[in-house]
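Peer 1: Construct the complete structure from the given sequences, taking the supplied hints into account.
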Amino acid sequence: EPEVTQTPSHQVTQMGQEVILRCVPISNHLYFYWYRQILGQKVEFLVSFYNNEISEKSEIFDDQFSVERPDGSNFTLKIRSTKLEDSAMYFCASSRDHYGYTFGSGTRLTVV
Amino acid sequence: EDQVTQSPEALRLQEGESSSLNCSYTVSGLRGLFWYRQDPGKGPEFLFTLYSAGEEKEKERLKATLTKKESFLHITAPKPEDSATYLCAVQEASGSARQLTFGSGTQLTVLP
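Chains H and D supply the protein sequences, listed in that same order.
In terms of this note's numbering, the first sequence opens at residue 1 and continues consecutively.
In terms of this note's numbering, the second sequence opens at residue 1001 and continues consecutively.
Check each hint, because a few of them may be wrong.
Stated by the list, open to error - Stretch-level coverage of chain D by chain H, calculated; a stretch enters the list once three of its residues show a Cβ under 8 Å from a Cβ in chain H:
| no. | region |
| --- | --- |
| 1 | 1030-1042 |
| 2 | 1045-1051 |
| 3 | 1102-1111 |
Keep in mind that the hints were calculated from the coordinates and are not lab data.
Ideal Cβ placement from N, Cα and C applies to all residues, glycine included.
Peer 2: Here's what the structure looks like:
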């Protein structure tokens, strides 16, 4: 069964540093997403991406964040100048249409 | 005000003891209601999508139903391997919006 692959599985970074989280969506999917889950809290929407541009973003997704699809397979989330409160699980997801999201296993980001 | 509310927060069942999880939602128009299973440290795993009131879907010991204000996930004769957090999410019928809004989840423990 096709999977969404995320790397790394765990990233530790110092406050103020930049991190890039990587995702390989399912190959025939057209819509790509990032969500995050702070420990013990709800899964929260960050951003959706379609046709090489952002289609929706939440209030969380401010200038600190950016997304990119640098080639035909990867989808990345960049967090500039990380803060302690950015520590969370970050999930990438993809879908072929409006429905049927498939999530990856996540990257646990720890900011120290 | 929360758009998606799940109850109970936690549920402990004996193996074979059937029960139901509830997801109530308040959105102006529903495009789809999603159920996911999440194991500790993992990404949400897709179970069902429901689109309209009266719809039902089944998969093994799980059955999801939808009304105009809530959805139920019925678990029949659960086994210990059904232990997980079950997440409900809604997608609003608003233009091209595709983001999912998640509830807090129900943590299910099935005891042997």
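Peer 1: For each hint, tell me whether it holds in the structure or not.
Peer 2: Against the structure, the hints come out as follows:
Chain H is given as covering the region 1030-1042 of chain D, and this holds because 6 residues of the stretch bring a CB closer than 8 Å to a CB of that chain, at least three being needed. Look at the region 1045-1051 of chain D against chain H: 3 of its residues bring a Cβ nearer than 8 Å to a Cβ of that chain, three or more, so the hint holds. A count of 4 residues in the region 1102-1111 of chain D with a Cβ less than 8 Å from any Cβ of chain H is obtained; the coverage claim is therefore met, three being the minimum.
Of the hints listed earlier, there is not a single one the structure fails to meet.
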